[in-house]
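> Take the sequences, apply the hints, and build the full model.
Number of protein chains: 2
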Amino acid sequence: MPKYVPGKFAEEIAREYGIEESDIIKLGSNENPLGVSPLVSKAICKNLDTLNIYPPIDAADLRKAIAEYIGVPFRHILVGNGVDGVLDTLARLFINEGDEAVIPTPTFSFYQLSASILGGKPVFLPRDANFDVQVDKLLETISERTKMIYLCTPNNPTGNMMREEDIGRIAESTDAMVIVDEAYVEFADKNVAHLATKYDNVVVTRTFSKAFGLAGLRVGYCIAPEWMYSEYMKVYQPFSVNRLGVIAGMAALRDKEHLERTLKVVREGRTYLIENLPFRTYPSQANFVMINVEPYTSGEVTEYLLRRGIIVRDCASFTGEGTDRLIRITVGTMGQNRVVVEALKAFLEEH
Amino acid sequence: MPKYVPGKFAEEIAREYGIEESDIIKLGSNENPLGVSPLVSKAICKNLDTLNIYPPIDAADLRKAIAEYIGVPFRHILVGNGVDGVLDTLARLFINEGDEAVIPTPTFSFYQLSASILGGKPVFLPRDANFDVQVDKLLETISERTKMIYLCTPNNPTGNMMREEDIGRIAESTDAMVIVDEAYVEFADKNVAHLATKYDNVVVTRTFSKAFGLAGLRVGYCIAPEWMYSEYMKVYQPFSVNRLGVIAGMAALRDKEHLERTLKVVREGRTYLIENLPFRTYPSQANFVMINVEPYTSGEVTEYLLRRGIIVRDCASFTGEGTDRLIRITVGTMGQNRVVVEALKAFLEEH
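Quick note, the sequences are listed as chains A and B, same order. Heads up: the first sequence is residues 1 to 351, going by the working numbering. Heads up: the second sequence is residues 1 to 351, going by the working numbering.
Mixed in with the good hints, there may be bad ones.
What the hints assert, rightly or not - Taking lysine to aspartate or glutamate pairs in the DMTMM-like style, the calculated list, with each CA pair at most 25 Å apart, reads: (1) A:Lys64 / B:Glu16; (2) A:Lys121 / B:Asp128; (3) B:Lys64 / B:Glu275; (4) A:Lys42 / B:Glu21; (5) B:Lys190 / B:Asp128; (6) B:Lys234 / A:Glu21; (7) A:Lys46 / B:Asp128; (8) A:Lys3 / B:Glu231; (9) B:Lys234 / A:Asp99; (10) B:Lys64 / A:Glu21; (11) B:Lys234 / A:Asp255; (12) B:Lys46 / A:Asp255; (13) A:Lys8 / A:Glu300.
No lab work stands behind these hints, which were simulated from the structure alone.
Written out as structure tokens, the structure reads:
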């Protein structure tokens, strides 16, 4: 079974390296640098008297609010305990012992875990030198046993996107479910949510953990073909999304200003990082920038930063060739971005 | 696939029957009649500034607090998104396609769902006339394919408990995992948490949803043999317990007064219901009382109460013989208990 390796936590690094927790800069988990919307905090404090009551089983009010945000009828919206919860529910629906799941690598490592736990076999397909999915090769990789194809766009950890026509081509060439993970799509220029209402085998997954700043509350969702609702609910863990997650998600959708501020900070910070990081960077449509630290290893550079209280994401744990040269850096506040740029320059001066 | 049927929601009944939501009495989901502890509300409002950060992956601080409450080393404590999340994680660990899960019925219907989703086959064993598990018959039911045995004590929806020596006898007679679900154990006179440190194949599941009043936040846990920690974490959905669930669980454990008040209200109300309900009742060690409404059906009695804004649990959806005569009534505040007693008396007068 593959092991899921999360980004490091501030508390852990503070303890391990003897640094004050408040001095740690956490740019390893693609969290929102502005924190949570004040509307969310207010909504939560107003709704604490019903915490003894089970959450609404299918989070209907939240699903309606999401449907309005996306612009689809609300039976197309399904939720879960974070996007991980959505992915696990989809795997329960579609993966049986011995089924195959096609995964272009490197990418978010939860896909292979989620499929493997249900007895699925991940079939890895390396991306090309620019980390683009090799669509022709992917089509050749699809077999009769292929039940799921995981396409992350913008891709974690590389930051690049897939073209809509490529996703459509894949969907049209197979009966397997095409999972398009748009966890980072708010930071991008376009999205493909509409493909989930166009094709019967496309699901687009989304999260409140990134642009909406609710990683701590575990609210994920997907846009799915209409036929899927009743099937999904059969294998859905009842009450998956907690009561405050429902309330916070709805409040976050109402706070358009907080979202706009977040997008502005991320886009400006992303440009700054790409222009100033003293290593090879890659174009990014997400809230992180990936660098290649050759001839150094991701492990030694990451360790250097950790000792200075800066957490970034060593990509060595991602499946794929050469990931031990890759580091993913979350776009932070401009102050944080400057610190990480200076620290990497110092690394180069010392090595 | 079996379908999970939850208790009815106040909002749903208000809409369907044209009743003010605030007039609804909700005694169908075994929630805490006193609501949430004030220490929990305070702790949540103090910790809203970190909602943009992922929860601690293994909820270590909460697990330590639970370990202290139970009195075991903290590696014996595992958590999940509600007890349903714990049960699903255990099923991922132990159930493969074609494996059997022994379930004495009637009982909590999530067990059969959780095992079935992973390709397991529920093997139902009817309880005796007093709803006690027929231990000899259960031992005969165990086969080479048996991987899990689900024992709920106090049992939902019947309220009775298993004897510790019977659980020990079952554990000693098989290599299958014995899941002892003690979701309601705080309302009972004794518990068997220590069996999970005595036997390598006993797991005791618990929840914050009942006595601790946190159903809305989805915090479940189990006491497990020490060897299980590393295995459990391999198939555990990372960040399953949300950040506020962690904080709320720790605060709830600190508020011993709220727990004591809850237990007092439930025990007094339980005695009142058993003495005054105008139908056959069964002894209960939980925060609910089951009645047998023969010669009426559970459906017609439940419907009569719903029209009066009183939600109780029709047991007809539980697997087993004769469950369409059974109704489970959550112990509420004394005022609520009186209303349900009077309404059932009125039913009998009218029929």
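> Now tell me, hint by hint, if it's right for this structure.
The hints, checked one at a time:
In summary, the hint linking Lys64 of chain A to Glu16 of chain B is supported, as the alpha carbons are separated by about 19 Å, within the 25 Å threshold. With a C-alpha separation of about 44 Å, the suggested pairing of Lys121 of chain A with Asp128 of chain B is violated against the 25 Å cut-off. At most 25 Å may separate the alpha-carbon atoms for a hinted pair to count; Lys64 of chain B and Glu275 of chain B exceed this at roughly 41 Å. A hinted pair counts as satisfied when its Cα atoms are at most 25 Å apart, and Lys42 of chain A with Glu21 of chain B qualifies at roughly 23 Å.
A hinted pair counts as satisfied when its Cα atoms are at most 25 Å apart, and Lys190 of chain B with Asp128 of chain B qualifies at roughly 22 Å. A distance of roughly 28 Å separates the Cα atoms of Lys234 of chain B and Glu21 of chain A; the hinted pair therefore is violated under the 25 Å criterion. Between Lys46 of chain A and Asp128 of chain B, the direct Cα distance comes to roughly 47 Å. Violation of the 25 Å bound is thereby established for this hinted pair. Simply put, Lys3 of chain A and Glu231 of chain B have alpha-carbon atoms about 11 Å apart, close enough for the 25 Å limit, and the pair holds.
Of the supplied pair hints, the one linking Lys234 of chain B and Asp99 of chain A holds, its CA atoms being roughly 20 Å apart against a limit of 25 Å. As the CA atoms of Lys64 of chain B and Glu21 of chain A are separated by approximately 20 Å, the hinted pair is consistent with the 25 Å bound. Simply put, Lys234 of chain B and Asp255 of chain A have alpha-carbon atoms about 37 Å apart, too far for the 25 Å limit, and the pair is violated. For a cut-off of 25 Å, the pair hint linking Lys46 of chain B to Asp255 of chain A stands: about 21 Å separates their Cα positions.
Distance check on the hinted pair: Lys8 of chain A and Glu300 of chain A sit about 15 Å apart at the alpha-carbon level, within 25 Å; holds.
Going through the hint list in order, the structure does not satisfy hints 2, 3, 6, 7, 11.
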